[in-house]
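Using the sequences and the hints, build the whole thing.
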Amino acid sequence: MSRRDTRGNRNVPSPRHSTSRPFLRAAGLIAVLALLAGCENSPSSLTPKGPGAASVTPLWWFMLITATLVAVIVFSLLGMALLRSRQEQPAERPMKMDSQRFILLCGAVVPAVILVTLIFLMLGVMADLDNPPEEPNTVIEVTGWMWWWEVRYPGTDAVTANEIHIPAGEPVELRVTAADVIHGFWVPELHPQINMTPGIIDTIWIQADEPGIYRGQCTEFCGLQHTFMALLVIAQEPDEFDAWLAAQAEPAPEPSDPVLQRGQQAFLDNQCLFCHAIRGTSAVGEVGPDLTHVMSRETLGAATLDNSVGNLAAWTANPHEFKPGVKMPAVNFESEEFAALIAYLATLE
Amino acid sequence: MATVSEQTVSERLDRLYGNPPGFAGWLSAVNHRQVGARLIVTAFIFFLLGGIESVLMRTQLAQANLDVLSPEAYNQFFTMHGTTMMFLFAVPMVEGLGAYLVPLMLGARDMPYPRLNAFGYWCFLFGGIFLYSSFLFGMAPDGGWFAYVPLTGPVHSPGLNMDFWLLGISFVEISAIIAAIEIIVAVIKTRAPGMSANRIPLFVWGELVTALMIVVAFPALLAGSVFLELDRKIGTHFYNALEGGSSLLWQHLFWIFGHPEVYIIFLPAAGIVSMIIPTFAQRPVVGYTLVALSTVAIGFMSFGVWVHHMYAMGIPFLSLAFFASASIMIAIPSGVQIFAWIATIWTGRSVFKTPFLWILGFFVIFVLGGLTGVMVAVVPFDLQVHDTYFIVAHFHYVLIGGMVFPMFGGFYYWFPKLTGKLLGEGLGKLNFWTFFVGFNLTFFPMHITGLLGMPRRVYTYQRGLGWEVLNLLSTVGSYILALSVAIFLWNVFASLRSGTPAGPNPWNAGTLEWATDSPPKNYNFLEIPTVSGRYPLWEEQDIYSGEDIDARANAYLVQPHHLHRATQGTTPLYAETDGIIRLPQPSMLPLLLGFGIAVVFGSILVNLIVPAVLGAIWSLVIITIWLWPHEGDFVE
Amino acid sequence: MSYRPLDTRSVRPPAEDAEDHRTVDWWGLIFLIVVILAFFSSVMFSFFFLRFNAEQWPPASIERPTLLLPTIATLTLLASCLPLIWMQRVLGKGERPRFNVGLGLNTGLSVAFLAILIVSLSMLDFGATTNAYGSAFIVTVGFLVVLAIAGLYVGAIVQARAWKGHFNGPRHVAVTSLSTYWYVLTAMWMVVYVSLYLLPYIE
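Protein chains in written order, with my numbering: chain A, 1 to 349; chain B, 1 to 636; chain C, 1 to 203.
Simulated from the structure, these hints should not be mistaken for lab results. All C-beta atoms, glycine included, are put in the ideal place defined by N, C-alpha and C. Please note that a few of the clues may not be correct.
So the derived list for chain B, only partly shown, Cβ under 10 angstroms to chain C, looks like this [unchecked claim]:
hint	residue
1	Leu249
2	Ser498
3	Thr500
4	Tyr574
Okay, the calculated beta carbon distance ranges per label pair [what the hints assert, rightly or not]:
hint	chain 1	residue 1	chain 2	residue 2	range
5	A	Thr68	B	Leu293	25 to 35 angstroms
6	C	Gln56	A	Asp242	49 to 59 angstroms
7	C	Gly92	B	Ile625	36 to 46 angstroms
8	C	Val119	B	Ile625	32 to 42 angstroms
9	B	Gly235	C	Leu75	32 to 42 angstroms
10	A	Asn311	C	Gln56	45 to 55 angstroms
11	B	Met588	A	Met80	52 to 62 angstroms
12	C	Ala160	B	Tyr574	48 to 58 angstroms
13	A	Ala314	B	Val613	54 to 64 angstroms
14	A	Ala112	B	Met588	50 to 60 angstroms
15	A	Val284	C	Gln56	29 to 39 angstroms
Written as structure tokens, this is what we have:
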């Protein structure tokens, strides 16, 4: 077995592809940052609006910068190795450094230092996330359903769905669980996520520094309509929040207008009441959103549609057009009855 | 006593180790190269199917609110895409490469249990067909490849969809476990004389550790699947929280399997890298011992990190801290391998052929995937990207970078060994560059999509959240990837028809698989080689004149007088000859047994008791025949 | 080039006088056992996971399983290992008739073990579908029952081969394999016996 001379059959593409890659990456990263800055409407975890999410972002930027440096160094070493090994030199030239030492230093010692540092930084942030900045005054129970969110305020009668009102500037305790399958509770701008597991109640806190609307979406695959299972966290000034909560705790007013009475009757005569509750009426269904103050909400169908009377009518007529497979059936009303129903629902503010 | 010419011996041996003629002979093939090639080709077909699913999903996501796939179809597609790529492509592919290459690298005639090998293939094929047949009934699995209960339990998935999944993957897992035992014993017992443990090629090290991991990890998922199938079929309560069960139990069992699975796929691919780099740097790998030890270390550590898939489940602080630290530190053995490869290139003379190009691509992609891997091991950050597109980006960097790039490199490297023809270099480079560009265009933007809050496993998304442009980029990238795979297929087709003949050792490589013809004769090696180093073909010594071989053993193997297949048996550590391993002849039994088990699984699926019992009896009869020794197996 | 003239009939395969641990059959058995043990560990992990997940185990509505029959079964199983040890020794000496007797004794005791165990299972006041405790209990014991039946089946094949006189040579991997399998099964049963039957009484 003779060793074949490989000099003759070299076929060398430009190794610049390899050496220039780190710089391409760096350019890419700059583009990334530009993009991130440009997406103000995104529910981005990188634009924190509360101390929970904010405690993570410095960690991210530290990791991104370190990782970029590591990538640049590794790719430069690779590029240098390729350049060096192109040259017409005898094979098996030793490295200046002992090769075993080089491998252990670059592959084990340096990474170990970086990684141990990272572990300590991580433990610090984990401890921050474990404890809210101050003792929460408000407790909210959030339950995941296929495919919507039930929100209760213990100690009051207030029940709402798909949006969580919280007082801004203070931490709020959330007790999350699920009614059917595992869901994921995540509002990227406010706090890292937690899974909602049937039979288990997990507690986290969230805080929004400023009043505003923060979008969240279910993260754990929960079946057919996992896609349209979003929610809004609405942070209000504390006094506004108290007013809102008091209003939500009220039952629905009894309609006096005959058309509205007819609409209420339509609600109670059809299958609506098996799933939905309207406090103050005989409708006490529990497996669909509480509709007592449905028109006070921003959205319909777990943030599938903006809330308006028109959208409410379209949704009620056939929710499957907007959210195929949703558990709510399309009901065949006669048109007059339907108009009355919508008129009635439109008063539930 | 007549002198026998080499020609005659070769012809006799070729006949002895070949297949019987005809279709029946084809069905009864047990030779490791045939089984290995079938595994590779079948797994690649599943790779294409999984790829088609992903391109359709990307098309659906190209813009907001598209209606290319219904929600049902999308959920089935992403479930089957993950299931296919993990169970029907990656694992059978690394085991197929192992089945084909390991005996050649070890200098053996065949693997120790050829019939079992063939049986493993049939299980894989039937299991794969079983899973995909669900599409025909419109009942493809739709609970995700992770199949979290209670969504996949009897209440929320009443259809047969998840039964197809549970039974199908269990069937395929049987095949994976069988192939793993095959590989382990081949490495322990059938190495060429002189190939002591510190001379085993690094690809074989990768295959060995992977096989050991499969043997330990897959039973966890098997157990979990049995429980879930019992919950679904007969109403047990393992995962039913109302009756004292726990949905977390499934997640533990799944990820005790699922995280090692990632390394099960990666380690043989890292082995491919460790084979290709020395060949194209034309020098032995630097830090052999370190690379082999890191392979083993990764295998061990990967069993201590499964909880990092469950950070969001409300795990206690201390346990989180432990699993997070272990997950972060697993980067170290990978780092050692990376720098060993760099040192090899550094001190060698690079030959820039296509296989090497794929390995360089692997470097870039895998390092980036590893870096985001460290990031997502960090609990608070993970909780901000868990189940978002950032994770999708991360694991495609790790899995495609860590497995598919080396696999294509391996295809270009060993294709000449399998077929005798070189793959085209020009098309190969085009293949590589389109793949590299397409890959980055598809998956790099997903990091950002995830950071911008887009969750995984959604069939569409709303306008105005800043996700449109990035998704469109990813979709375009996926089309480029598809084009690249088409280029590869064309290259294979063209090279098979009119490729350059390769000769035994086209790359001037140093390991034993290059000592035989391309493609090898049925018997692999005329005489059993003897090795005295890690790169026998680069050593000065003739591999056929070694002194380590037991003359009796070699003589027995070269003279096919008993008309029995056999290979050498050597000791586990030092590879000294200690016997001859008799190997069985081609047999229909593997196919018949696979068929019997397929009948059992199919009957369980549709609750038919009688066919299930008949299938079981059939299988038992076949097993009895299988275990019964043949005449002549014992010399009285 | 031509090959050395060899009297091919004089070449005897070295494996025929190989010890058991040098054969691939033996190695195959070892890794089969590794797979079984990995599966068994997952089953026991699940049992204890559900146990520590529960407030009361067994649940209040369920009586602790009685000990009498399972203990007799355990003793029978332990007794069935003795003929295995004995028969391997006599096989080494080439005493075929006594070997056959030993194998028969082992089979008889194993069948008795299975029978007693199944009777004790049928007397439980819960089933696999009663609750998670019942599921974990029945499936864990059921797994051992399936393994024992498989062992008996392979044992029957070995028995048939023994009557045909396959094991009069020095090579008897099948016998070693069967005994090893049965020892491992016994060890697993002891884990099950302690965890499922004894532990509720100790606590």
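### Query
Hint numbers the structure violates, sorted upward?
2, 3, 4, 6, 7 and 12
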